[in-house]
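Asker: Sequence:
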Amino acid sequence: RARNPGTFDFGLYARSRGYCGQVYGEDVRILDNTSEIPYLEGIRILKKRCGEILEQVCDPRDLGVFQAVVLGDQSQMDPQLRDMYQRHGISHLLAVSGQHLTILGGSLYLLLRRMGVRQFGSGLICGLAVISYGILTGSSGSAMRAVVMILCLWLGAFLGRTYDSLSAMGLAAVVLLWQRPYMLFQSGFQLSFGAVWAIAGPGAWLCQRLGGSKGWQKTLIISLSVQLVLTPMVVWHYFRHPFYGLLLNLLVMPMAAGLIYSGAGAVLLGAFGVWPGRMAAGTGHFILLIYEGFCGVFERLPGWSLLLGRPGPGQLAAYGLCMGLLAAALFWSGRLAAGKEKRNIGETGRFWR
1 RARNPGTFDF GLYARSRGYC GQVYGEDVRI LDNTSEIPYL EGIRILKKRC
51 GEILEQVCDP RDLGVFQAVV LGDQSQMDPQ LRDMYQRHGI SHLLAVSGQH
101 LTILGGSLYL LLRRMGVRQF GSGLICGLAV ISYGILTGSS GSAMRAVVMI
151 LCLWLGAFLG RTYDSLSAMG LAAVVLLWQR PYMLFQSGFQ LSFGAVWAIA
201 GPGAWLCQRL GGSKGWQKTL IISLSVQLVL TPMVVWHYFR HPFYGLLLNL
251 LVMPMAAGLI YSGAGAVLLG AFGVWPGRMA AGTGHFILLI YEGFCGVFER
301 LPGWSLLLGR PGPGQLAAYG LCMGLLAAAL FWSGRLAAGK EKRNIGETGR
351 FWR
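Note that the numbering used here has the sequence shown beginning at 1, numbered continuously upward.
To be clear, the hints were calculated from the coordinates, so they are not data collected in a lab.
Just so it is clear, the structure is predicted and the values come from calculations on it, not from any experiment.
Don't take every hint at face value.
Restraint-style ranges between C-beta atoms, simulated for each label pair [unchecked claim]:
id, residue 1, residue 2, range
1, G309, Q208, 33 to 39 Å
2, A157, S35, 37 to 43 Å
3, D59, S333, 48 to 54 Å
4, G18, M233, 21 to 27 Å
5, L108, V274, 23 to 29 Å
6, A257, L12, 30 to 36 Å
Even for Gly, the Cβ is constructed at its ideal location relative to N, Cα and C.
With the sequences and hints as input, model every part of the structure.
Answerer: Written out as structure tokens, the structure reads:
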């Protein structure tokens, strides 16, 4: 376990991955290889092949980012580059999330439907593809959360039922924590579920309460909601708070889909030749240059990264109390405004009668 405050807690991390011990040996001998599962072995071989293709077609500096975005593997990413994303509050761009699965599953679903495959068959094939991709990317908390939620979406559409994001998120949490309870204490799990809850819960409520009907208004309100919900989690795990994180996320998020498409295209086209793969990876290369440029600009601004340290229980409670009072004030102000509007309508009706 962590012996000093702020150091990496390997014991807690290992438990969150489902490991309860560690064994060291001088050598390894394979006595029996008949116990391997062909399905999982096929996924392992596919992931290895995709990694080899990315190594051939990607710029060496971009390779770690593409492997993180497409394959969920951050082991070869430049530590300085990873720290830059974390300091600016945009490290979520490196995690496999619902956007990846929506692009993969949605594109495959539309393709199958246009080929004449029925809804049940298309949903079944896409469901297996989404589950396989979640396993391929390492079965992280954010990836498997997105897998469960998108399966609920498709199953609800097939059964003719209404999809509810919060219910699907709750089911995903139960499924993941039932298998690995210690995952609850990991930053990836907390940030992933916290962001979804902020979008589907407080974000949707604030859009309704504040009257955000236009696209840019909804984007701004939901981004603000996500920022407010995730701030204590970010400070707890990384001890820093990106002061301009909200503005930077508004600038970089529209290009996130392009980065995913570029990485996926690099793998698909790179399987047929190096030059087609490099052309596909070129789009992502320019997007990453823009990201680094934005980060360089924000680093010149005063107070761009506030080193706050890990907050105590009292500070977290005070932050939660302030957010609760703010929500209560918005709720009662809306109730009072609605009551005043009803009274005005009633008085106008009496006047005309």
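Asker: Does each hint fit the structure? Answer for all of them.
Answerer: Structure-based check of all given hints:
no. : hint                     : verdict
1   : G309 to Q208: 33 to 39 Å : 36 Å, holds
2   : A157 to S35: 37 to 43 Å  : 38 Å, holds
3   : D59 to S333: 48 to 54 Å  : 52 Å, holds
4   : G18 to M233: 21 to 27 Å  : 23 Å, holds
5   : L108 to V274: 23 to 29 Å : 25 Å, holds
6   : A257 to L12: 30 to 36 Å  : 34 Å, holds
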